[in-house]
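Visitor: So the protein sequences, as listed, match chains A and B.
Number 147 in our numbering belongs to position 147 of the first sequence; there are no gaps in the numbering.
Number 120 in our numbering belongs to position 120 of the second sequence; there are no gaps in the numbering.
One thing to keep in mind: the hints can contain errors.
Among the chain A residues that face chain B by a calculated CB cut under 7 Å, a handful are [as the list claims (entries may be wrong)]:
1) Phe56
2) Leu63
3) Pro64
4) Lys70
5) Arg134
6) Glu145
7) Ser152
Keep in mind the hints are simulated off the structure, nothing from the lab.
Idealized CB from N, CA, C, for every residue including glycine.
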Amino acid sequence: MSLPLLRLPVRGFSVAETCVSALRRAMRMTLEDSRRVQNAGYQLKRKPTKVPIKIFQPGPSLLPKGSEPKQLLEQKLTSELDPTGWRRQLFQRSSPLALRPGDVVRVVFNSETNQTFVGTIMAIRRRGLDTSVRLRSEVAQLGVEMSVKVYSTSVKNFEFISRAVKKARRAKLYYLRPDEKKGK
Amino acid sequence: MVVSRVMSTQRGTLLSSARFISSRRIFSTSTSSLRELPPLSEFVSSFTTRHIEEPVTTMPTEVHTDITTTIPIAAADSGHRRLKRSEFPLPVLFDSTQAALSRKQLPKRTGTIAFKRGMMSVFDENGMRIPVTILQIDRAQVTYIKTIDQHGYFAVQVGAGARHAKNVTKPMLGHFSKAGVAPKKIVAEFRVRDESGLLPISHEITVQHFKEGQFVDIWARSKGKGFSGVMKRHGFSGLPASHGVSVSHRSAGSTGQSQDPGRVLKGKKMAGRMGGDNVTVQNSKVVKIYPEFGLVLVKGPVPGPKYAAVSIQDALKKSDVE
């Protein structure tokens, strides 16, 4: 007996196979089901088999929750570069030993000859590990400015020479530079 | 299937047969079928019936092609002359997939996905300040492997980060479940040269995959700049700020010539969307590794915004590094 609707999109079935056996094989039906189809004259819906998906739990992140890697690394590096904390004492605003703009300071470098530079503090740029200080000096009537990274390993020491005569009224003393239009 | 085609052709001249043999259809694009080629004797016989009376010479039992695949040659029937090496079918074509793969420059090892977590600076032993980008390798695991037999190339698929299962689609949940890993935030593929670069599925890739001082290639989607003008996008100088310039200080100016060509040429640099494209930074140095935090410090900038996923792999142009 021929059935309607049996144009199945199945491959690999020979012409010799009957429509019903093809349907059964395609839909993996039992013999009873296929007999039911034959009698009913329609395609049976295949019951969906739900396979539960096993979900694995993620491991913990190596970073503690709510922490920022930059902060963690800065703390770590600060303790490595400045274990005694003298740099912090010199450049933290609230510290009693803090340097201020206008002070004269000598910086000693880590070279073989212990090279030094003496100058007035023009500006202190506070950026954590990137903190730098700008020193100005007159060397043989030539103005020289130097920016020194405070936490650099090439800086050995800062020696305080003298306090500013009068407290500077601003944080950055760029006015110490000579006027360019002077003399014109 | 292929062999039957050859057999069914008329035994014309050697030239026509050779031309057919050299057509691309014999060497199909999937390498699996190349390895399963039938012995050449099956279609050798179709054009060896020239009755050339020459002494039978011994042929090598195997032919080695450029891609180290051996094609076995079965013993020819008696009465037929064995082919000379010069008359043998052509080796792998220059423009075939197999040949392209053998030419391609690929790293030996897989890469991994990292998340960009900002920039900072470190000081080296000489006191030099090095600007670095902080990259976090967060729970990166191998989720899938691609092989030449099944996919036509070797690659390692890596997933990183973590995502709640409720936010992951069912197909992807099934994919992660099959790999035996938790649902990942992002998944990316890394091509490798050969089987030795493949890693077992669910293997975790940590920061120790990289060494301090080695060079890496980093690629990521760059920051989007939106609809940018021509000065930002292409570095045009714009027009003067004064001297009678009206309203077009940041414009491109002229866009072409006059009646010839009489149109604006294709590819003319104009304003448009800028950024959001894939950018590769090559030969970035790995400055420091922190295994306890899963952080890698890489010299210089890295494309993409903070918290974005980037891909890192051994530098292609520094092949001496392991």
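Visitor: If a hint holds in the structure, say so; if it doesn't, say that too.
Guide: Verification of the hints:
| no. | hint | verdict |
| --- | --- | --- |
| 1 | Phe56 | holds, 5 Å |
| 2 | Leu63 | holds, 6 Å |
| 3 | Pro64 | violated, 9 Å |
| 4 | Lys70 | holds, 5 Å |
| 5 | Arg134 | violated, 15 Å |
| 6 | Glu145 | violated, 18 Å |
| 7 | Ser152 | holds, 5 Å |
Hints 3, 5 and 6 from the earlier list are contradicted by this structure; the remaining hints agree with it.
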